[in-house]
Structure formats: structure tokens, C-alpha cells
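Visitor: Residue-level listing of the chains:
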Amino acid sequence: MSLTHFTNATRRILVVDDEEVIREATRDYLASHGYTVDCAREREEAEALIAKHDYTLVVADMRLTGGHGREGLELISWLRECRPDARAIVLTAYASPELERESLRRGADLFLEKPVPLSELAACAGRLLAEFA
Amino acid sequence: MILDPCLLDAIIEGDGLEVVFQPIFHHRDDGWRLHGFEALTRGPRGTNMEGADVLFEYVRRKREESAVDRVCLARVLKAARQLGSAPRLSFNVHASTLGRDREFVTYLAEMLQHHARPASRFTVEIVEHAPMWGGRSFQLALDDLRALGVSVALDDVGLGNSNYRMILECRPDYFKVDRYLVAGASRDFFRRAVLRSIADLSGSFGALVVAEGLDDSADLQVALDEGIALAQGFLLCRPQPAAILKAMGLLRDAPVMAFNGRRALAASAGASA
Chain A
1 MSLTHFTNAT RRILVVDDEE VIREATRDYL ASHGYTVDCA REREEAEALI AKHDYTLVVA
61 DMRLTGGHGR EGLELISWLR ECRPDARAIV LTAYASPELE RESLRRGADL FLEKPVPLSE
121 LAACAGRLLA EFA
Chain B
1 MILDPCLLDA IIEGDGLEVV FQPIFHHRDD GWRLHGFEAL TRGPRGTNME GADVLFEYVR
61 RKREESAVDR VCLARVLKAA RQLGSAPRLS FNVHASTLGR DREFVTYLAE MLQHHARPAS
121 RFTVEIVEHA PMWGGRSFQL ALDDLRALGV SVALDDVGLG NSNYRMILEC RPDYFKVDRY
181 LVAGASRDFF RRAVLRSIAD LSGSFGALVV AEGLDDSADL QVALDEGIAL AQGFLLCRPQ
241 PAAILKAMGL LRDAPVMAFN GRRALAASAG ASA
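Those sequence lines, one after another, are chains A and B.
Sequential numbering of the first sequence, starting at 1, is according to this note's numbering.
Sequential numbering of the second sequence, starting at 1, is according to this note's numbering.
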């Protein structure tokens, strides 16, 4: 096992998306880079997991099932309060300059427009988490 | 785009919920005897909800404690049939369920009758994860529980919102002391002092104390020395399905083990898991 993988395995990532295909592909790709990855489909499920585990990074789609279209942003706001050190990436297929500003204001470290190549997402995660090294 | 169905719907349908029971033992002069079982509900295996902490945190965030408490109650009473009606059975209920759901106690009474389980052998363990609220409706529900003959336990005494105010509101028959206060009491003067304080307080209320989360024999001895005679934890027995507990012979009204024989019981329980 490489040193990179050894280090990544201690970093836990939460992927929040209500599309199973995207969720599982993202999980598998990040896990192949050595990260420990959990998935959630709803905001409340994500919050319950965050309450239990120390995630170093949360990757959240902005729109999740059962809400009004900004559940991902609300999750990030809550994350900032209870896990201020965690990094956060917001993904959306409905990007706009206003939404990007709103995401960053709520505490996201990165705002990415879907579709995001998994290699790019992993590279972004790696850069953000390098600060934890 | 294919979206997943809401998790909550599956939980309320009872899909995949599993029930296990953890024995609570009473230390007496002639050894340890079974005092009762705490029923514990687990979410579907292999999901984020498998662990009770994530399952119920999710339910609380959905503000559906009442609906899920009802589903769990039905599952627990059905599963507990294998234990017979003699052992005392404890069941966790959110304080918010008692405060918001005025029909919950009526539902409980109907379910107890349906499953031929005597109310006098049933304990409602109140779990509180939000600041004390509910006031009048919560008190009415407690009155209804007592009128039914059900005992009341306060879970996680000394932590979070299970504080002095909650103790005064509930006047519990059982004080359940969380693992946080129990673990390490044999090596921590101040933890031991807190245990002693809770034991003294419970005496004033005419209540019993249960030390939870015991997995160290030295901590168990400290609890006993401080007057806490009821104990629950992996050291004594892991949570198990009813059929396994029955096979272990725990349902007999006889001393289940000598004090220094508890390891054997814990080991046999672990082997059955």
C-alpha cells in the first residue's frame, strides 16, 4: 500500500446525492483512491451520519429528495456549525454565479457544476484534504 | 434520473427492522438474577440505519419519532413473545412522542393487551434528545402510563437533557446511568463520586439504578460498592435475539451465575452472536 493510500484511508468522506448511480460511482471512485467513503441520499440521513462520524470532507449535491432545491446548501450550513474543520464541496447541475456565491457564503470550499468528471472530483478532494496532512 | 424512495417510508413500514434484547441483571446475596430485558431496535442490515444511533438520529431529524416509536413497539412486543410474559421488558420511547402523540399511551395499552403482556412487567424508558418541552401533554402522558401500571425509567441520567429538571418531571422508577459515567469509574475518583451521587439521589426517589454499558469487571465492582445493584452491558451479556436468550437458559427464575462467573456468561453470549 502506498503512503498516499495509507493517509487517505484515515480520511472519511461523505457523499450526499439522491441519484443512486451517481452516489455509488462517486463512492467507488473515491474508495479506489484509498478513502473511506459513506453515502447518504437525504439531508437528514447525512446529518445523522455526520453526528456520528468525523468526516474530513462532505461532497453534497445541492438538490436532494424531499426538499425545496437547496437542501445541500442547508446541509453545508449545518456542517459548518457542528464540524467547522470539515471541508465541503457543493455540486449542482443548475450552477449560476449567485448560487456559487451563496454556497461559498454558507461555508462550501468548492462549488462545482455537474457533470463533474470523477477524476476532477478526486483531484479537488485531494487538494482540499492536503491541508489535513 | 432515478431517485431513491424515502428511507423513512421503509422504516415506518417496518422493512428490515430487527429487535434484540439485552438482559438487565440484579445482584443479590445469592448471586445474579435476571431482572428484565431492554428491547433494542436495529435498522436494516447493511444500511446506514443498521446502528440504532444513526437510525434514531435520522428519525428525530425527520421529526417522526412518534410514528417510528409505534412501529418499534409493535415489532418489540411481537419479538418478545418468545421470552414469555414473566420477564420485565423495557422499551425506549422518545419524550417527544409522549409530548406530541396523545394517543400513544392508549396504543401502548392496546398492544400490551393484544400480546398478553402485563403492564406491571413493562417499563417505558424515556429518551430525551431535545430540551425539555411538552409540559402539560408530557405530564398527562406520564400520568396515563402510571395509571396503566407501567414503570417509568429515565435513560442517560446525567447526560444531555436527562438532567435534574427531567428527573423532577418524570419521577422515574429507574435511573439508567449511561456508559459515559460508568466506564472508567474504577480508575476515576470523580466518576465514582458521580455514581455515588446518583445512587443517593435515586434512594430519595425510591427508585432503582441501572448501570449501563458495563464492559469492565472493575467498573462493575465499583457500581456494586456504590449501591447500584442493577447492571447491563457487554461484560454480562450482549444484546441477542429472543430465541438465543431463551436457549441460553436466562428465563429461569434462578441465579444465573456467580459474581466471579460472569465472564463465562459473557463469553457464551458472544459465541452465540
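Because the hints were derived from the structure by calculation, they are not lab data.
Mixed in with the good hints, there may be bad ones.
Said to hold, decoys possible - Short, incomplete list of chain B residues facing chain A, as computed with Cβ under 7 angstroms: (1) D53; (2) V54; (3) E57; (4) Y58; (5) R61; (6) K62.
As the list claims (entries may be wrong) - Just a sample of chain A residues kept apart from chain B, beta carbon distances all over 10 angstroms, derived: (7) D54; (8) S96; (9) A122.
Quantities reported herein were computed from a predicted structural model and do not represent experimental measurements.
Ideal placement from N, C-alpha and C gives every residue a C-beta, glycine not left out.
Visitor: If a hint holds in the structure, say so; if it doesn't, say that too.
Guide: Quick rundown of the hints versus the structure:
no.	hint	result
1	D53	holds, 6 angstroms
2	V54	holds, 5 angstroms
3	E57	holds, 4 angstroms
4	Y58	holds, 4 angstroms
5	R61	holds, 4 angstroms
6	K62	holds, 5 angstroms
7	D54	holds, 14 angstroms
8	S96	holds, 20 angstroms
9	A122	holds, 23 angstroms
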